[in-house]
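Undergrad: Sequence:
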Amino acid sequence: MPQKLIKQGYKIFKLGEQSYVWTFSMSHDNLRISTMFRTPGLTRTGSLVVELIERLPVSLQSIEQHMELNNSKEVAGYSIYMDNYFTSVALFHYLRKQGIGACGTTRPANLPPLLQELKNSGLSAHIPFNTLFHKPDSFIERIRKRPGINSTNGSQIRRLFGDKFEQAMEIPTIIDDYNHYMNGIDLANQYRASYETHMPTNRTWLSILYWIIDHAIVNAYILHRLATTCTTGTTGTTISHVEFRRQLYLQLLEFSNPLPTTRSNPDLNHHRIPLPGPRACA
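This note's numbering puts the first residue of the sequence shown at 135, with every later residue one more than the last.
What the hints contain is simulated information worked out from the structure, not anything from laboratory work.
Keep in mind that a hint or two might mislead.
[Claimed, not checked] Simulated restraints, written as ranges between beta carbons of each label pair: (1) R276 <-> Q152: 54 to 60 Å; (2) Q152 <-> L402: 55 to 61 Å; (3) A224 <-> A302: 21 to 27 Å; (4) Y344 <-> W156: 18 to 24 Å; (5) R178 <-> Y315: 20 to 26 Å; (6) N391 <-> N317: 49 to 55 Å; (7) S255 <-> Y315: 35 to 41 Å; (8) N218 <-> R337: 19 to 25 Å; (9) I373 <-> D297: 41 to 47 Å; (10) Q152 <-> E188: 16 to 22 Å; (11) N218 <-> N284: 34 to 40 Å; (12) N391 <-> K279: 24 to 30 Å; (13) K148 <-> R276: 25 to 31 Å.
Idealized CB from N, CA, C, for every residue including glycine.
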């Protein structure tokens with residue numbers, strides 16, 4: 135990624151749900167984005183998305199449903215949310231054929247040339263461009279805070295709030311779903327960063343190992359929270375993240391054996407010899 139401030143290091147691409155990381159793929163400065171299988175007609179980022187999706191578990195119901203769609207055995211029945219780094223028309227077209235829903239943001243430069251020509255032509259008055267078509271129930275009300283003055287599009291959005299700090303606003307359900315599901319990876323990163331393993335090392339692979347262990351603990355906590363919620367029917371009995379880690383560490387330490395305190399050479403005797411103190415030179 136040329137726009138990143140730090141040019142060296144590893145980039146980790148994750149696929150997760152509700153703070154639970156299903157799978158991930160790593161790349162670094164030399165290999166860039168390396169995929170095991172390159173999907174024809176897609177870029178490297180698009181092939182990476184397909185590769186991560188194909189690692190997801192598939193239920194029999196999804197397999198039967200997808201085989202009815204296109205007689206294939208690929209993963210189906212999922213809805214994938216991504217940002218503008220991955221979205222492309224070719225990728226969304228491919229995922230739709232595979233029975234996979236896709237939603238994501240895009241950059242204005244990535245619009246197909248045909249849409250730009252329709253916008254600039256005289257047919258724009260007859261062909262709605264950049265217009266939201268919706269059903270009566272496609273909006274949902276959410277409480278939003280007034281953005282700062284220096285925030286992106288702050289001068290335009292602040293007009294809707296007036297003098298209020300918060301205001302209930304109607305937003306399309308597709309945007310509400312995108313904000314909700316895209317927050318899963320961010321929450322997973324917050325859980326990991328709260329109690330991240332900080333151990334100095336000169337070996338690069340150890341940092342990757344610590345990252346995997348940290349996310350494994352976060353995944354265990356997410357599964358514990360979901361299991362507790364399903365059993366009791368309420369989230370009030372779920373222990374906190376830090377308390378879960380304390381109990382996990384204590385249970386793991388029960389399986390460890392204390393280090394031996396015996397000397398390697400018991401026949402070797404040590405005698406303390408007093409040395410003269412330092413003397414000042416005149």
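Undergrad: Would you mind marking each hint as holding or not holding in the structure?
TA: Status of each hint after checking the structure:
no.	hint	result
1	R276 <-> Q152: 54 to 60 Å	19 Å, violated
2	Q152 <-> L402: 55 to 61 Å	59 Å, holds
3	A224 <-> A302: 21 to 27 Å	39 Å, violated
4	Y344 <-> W156: 18 to 24 Å	20 Å, holds
5	R178 <-> Y315: 20 to 26 Å	24 Å, holds
6	N391 <-> N317: 49 to 55 Å	42 Å, violated
7	S255 <-> Y315: 35 to 41 Å	36 Å, holds
8	N218 <-> R337: 19 to 25 Å	35 Å, violated
9	I373 <-> D297: 41 to 47 Å	42 Å, holds
10	Q152 <-> E188: 16 to 22 Å	21 Å, holds
11	N218 <-> N284: 34 to 40 Å	22 Å, violated
12	N391 <-> K279: 24 to 30 Å	53 Å, violated
13	K148 <-> R276: 25 to 31 Å	26 Å, holds
Against the hints set out earlier in the document, violations occur for numbers 1, 3, 6, 8, 11 and 12.
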